[in-house]
Amino acid sequence: MIEMTGQERRAALFLSLMVIAAAGLNLYFKAFPRQKEVFQIEELNAKVNLNLALEKELLSVKGIGPVTAANIIAYRDNYGPFRHLEELKQVKGISEYRYNLLKDHLCLE
Amino acid sequence: MKKFPAVFITIAFCAGIIWGRQSPYCAGFIFYLAVIFLIFCLALAEYRNVFSLALMLLWFFLGALLFLLSPDAAGSWLNYHYADPSQRVEVCGLVKSYPQTRGVRTIFILQTQQLKTANHWQPAAGDLSAQMPLNNDLFYGDRVVLCGRLSQPRYRNSRAQFLLRVAKDGQIRKIGAKAGNPLILFCFKIRRRLQRMFNSSLSVQSSAVLNALVLGIRQDLPISLKQAFIRTGTAHIIAISGLHIGVTAFIILLLLKLLRIPRACRCVAALSILIFYAIIAGFSIPVMRATIMAGVVLTGYAFSQQTELINSLFLCGLVLLLLRPGELFEAGFQLSFASVLSLVLLTPQLSRLLFSRIKTSRLLKPVRELFCASLSVWLGLLPLTAYYFRIISPVAILANMLVVPYMGILITCAFVFLAMCLLSPCLAGIFAPVVEAAVFLLLKLVYFAEKAPFAYFRLP
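From first to last, the protein sequence lines stand for chains U and L.
Each residue of the first sequence is one higher than the one before, starting from 1 at the first, in the numbering used here.
Each residue of the second sequence is one higher than the one before, starting from 1001 at the first, in the numbering used here.
Quick caveat, the hints were computed from the structure, so don't treat them as lab data.
Some hints here could point you the wrong way.
What the hints assert, rightly or not - Derived pair list, reagent style DSS-like, types lysine-lysine, alpha-carbon separation capped at 27 Å: (1) L:K1451 to L:K1226; (2) U:K56 to U:K103; (3) U:K89 to U:K47; (4) L:K1168 to U:K56; (5) L:K1096 to U:K30; (6) U:K103 to L:K1178; (7) L:K1226 to L:K1444; (8) U:K62 to U:K89; (9) L:K1168 to L:K1178; (10) U:K56 to L:K1096; (11) L:K1189 to U:K56; (12) U:K47 to L:K1178; (13) U:K47 to U:K92; (14) L:K1178 to L:K1257; (15) U:K92 to U:K103; (16) L:K1116 to U:K47; (17) U:K56 to U:K89; (18) L:K1226 to U:K56; (19) U:K47 to L:K1168; (20) L:K1116 to U:K30; (21) L:K1116 to L:K1168; (22) L:K1096 to L:K1116; (23) U:K62 to L:K1168; (24) U:K62 to U:K92; (25) U:K103 to U:K62; (26) L:K1116 to L:K1178; (27) L:K1116 to U:K56; (28) U:K47 to U:K103; (29) U:K103 to U:K89; (30) L:K1189 to L:K1178; (31) L:K1226 to L:K1365; (32) U:K62 to U:K47; (33) L:K1096 to L:K1168.
This is chain U alone, in the form it adopts within the complex:
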């Protein structure tokens, strides 16, 4: 019916075996799924992550307006993630006074 050399037959059988084995494993894991760990996600009123926050999240922090949020994101884009919270004072528009107001609402991890 189909002309196959001995090598082609062995290759086809090997491929079939691999596919059946993979399908069998897939079926087994679907039938007996492992308990997936559910990681806890902090609620919104928790501290905002300075290195991951989007503009919208930064604006939710009292004391950060649109200009300051944009400056923080620009600083992150230019210099990379903040290594410590005090680095926030390097951002344009954030003085020592403003930093003291914001530091309790921000985190790095």
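Add chain L to chain U, keeping to what the hints say.
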């Protein structure tokens, strides 16, 4: 045809996928059938005809089995949580694709990891197409929490079974980054950088066209231009596929040959670069098909072996369907394979039928071959384009004769421009008018073809 075993196996596999879609049997039962036929094949390996039949039946059941186990089958994991479409859900997942902008919305594929129902988080799985207000901060590999409404997409999409719409006031939080595949993340960063190079150095229209032609980013193309491409049957040039991979492979091999690199090393280097380019270009089905075929042809070239195009094409199809069986029902997959199949099968026949009694000069021979190739692809795709796009474009035969060879020049210009951008912005500034002129000429060709009499017909 008897000498092309991949053709028969792939056809049996496809038939199995189609049967699996309607089959009332569970995956477990079909698995046992497949094992039985595998045992038959092993036992009857010496008997050629019986072995062939058993092998085809084995692959038929494997097709049905893999379809039932794939996310395209009815029992998708997210289905278990999709109870009330009017309720807002909170979903935590990984950005799995390159975020695209469409108007005022950002769209990407989200790989779901957790779902919040009744105030507690529980594990979930499945891919969503997430649509949210414009947001340029998200990227591949980011872990996000989105709050929105789940619904079934209007158009079937094998990449995502559900649609998640996040409203303007909806919650969008990024809680992690760089959690995806490092290789894909690296390639997408390059893609973003190249996109910015085009956007900063060229006009809006030229950068939109080159982003589509070279990087597969079509979000900025004007609708009138997209429609012009569809009406003239040249929409395939704005979807990265075999043409782009072929031109890229040719350029790479030529450069490496000029550097006097041995054949085998040339092929390995070319294939590695093509794989990178395929990921950068978004790794869609046409790109994957073209890259796999290029891999088969390059491997044959490296070992000085001639490859059978039809066997290679069906082998590519089999590999792609093994990874995503549901792709068989997607327009992109069908169009991609139908075009290459009609090119390979119909072109010699048409050439013999139309020009066997006509003597053409050496100069006109390429024109004759181009005409036959364009006509064969048009004929091969006619039923599919009529069905999916409700349009018939007679002008496509001539338009593709002009546009397809021109694409080689345009893609080369684009790559040279990118190389200059990387080396020196000054050089890029000098070369930019050349690229602008090349894009302008392409658009002129397409718009001219669109306005030709009887260029296209819309079907009811």
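Right, here's what the structure says about each hint:
1. L:K1451 to L:K1226: 15 Å, holds
2. U:K56 to U:K103: 18 Å, holds
3. U:K89 to U:K47: Holds, because 18 Å separates the two Cα atoms, which is no more than 27 Å.
4. L:K1168 to U:K56: 11 Å, holds
5. L:K1096 to U:K30: Roughly 22 Å between the alpha carbons, so the hint for K1096 of chain L and K30 of chain U holds.
6. U:K103 to L:K1178: Within the cut-off at roughly 26 Å; holds.
7. L:K1226 to L:K1444: Since the Cα atoms of K1226 of chain L and K1444 of chain L sit roughly 14 Å apart, the hinted pair holds (cutoff 27 Å).
8. U:K62 to U:K89: 17 Å, holds
9. L:K1168 to L:K1178: At roughly 26 Å apart (the allowed maximum being 27 Å), K1178 of chain L and K1168 of chain L satisfy the hint.
10. U:K56 to L:K1096: 22 Å, holds
11. L:K1189 to U:K56: Roughly 24 Å between the alpha carbons, so the hint for K1189 of chain L and K56 of chain U holds.
12. U:K47 to L:K1178: 21 Å, holds
13. U:K47 to U:K92: Holds - the C-alpha atoms of K92 of chain U and K47 of chain U are around 22 Å apart, at most 27 Å.
14. L:K1178 to L:K1257: 38 Å, violated
15. U:K92 to U:K103: 16 Å, holds
16. L:K1116 to U:K47: 21 Å, holds
17. U:K56 to U:K89: At roughly 21 Å apart (the allowed maximum being 27 Å), K89 of chain U and K56 of chain U satisfy the hint.
18. L:K1226 to U:K56: 34 Å, violated
19. U:K47 to L:K1168: Roughly 23 Å between the alpha carbons, so the hint for K47 of chain U and K1168 of chain L holds.
20. L:K1116 to U:K30: With Cα atoms ~22 Å apart, K1116 of chain L and K30 of chain U stay inside 27 Å; holds.
21. L:K1116 to L:K1168: 20 Å, holds
22. L:K1096 to L:K1116: Holds, at about 20 Å.
23. U:K62 to L:K1168: 21 Å, holds
24. U:K62 to U:K92: OK: K62 of chain U and K92 of chain U at ~17 Å, within 27 Å.
25. U:K103 to U:K62: Given pair K103 of chain U, K62 of chain U holds - Cα atoms ~11 Å apart, limit 27 Å.
26. L:K1116 to L:K1178: Within the cut-off at roughly 23 Å; holds.
27. L:K1116 to U:K56: This hinted pair holds, its Cα atoms lying about 21 Å apart.
28. U:K47 to U:K103: 9 Å, holds
29. U:K103 to U:K89: 10 Å, holds
30. L:K1189 to L:K1178: Since the Cα atoms of K1189 of chain L and K1178 of chain L sit roughly 11 Å apart, the hinted pair holds (cutoff 27 Å).
31. L:K1226 to L:K1365: 32 Å, violated
32. U:K62 to U:K47: 12 Å, holds
33. L:K1096 to L:K1168: Holds, at roughly 22 Å.
Comparing the model with each earlier hint shows violations of hints 14, 18, 31; every other hint is respected.
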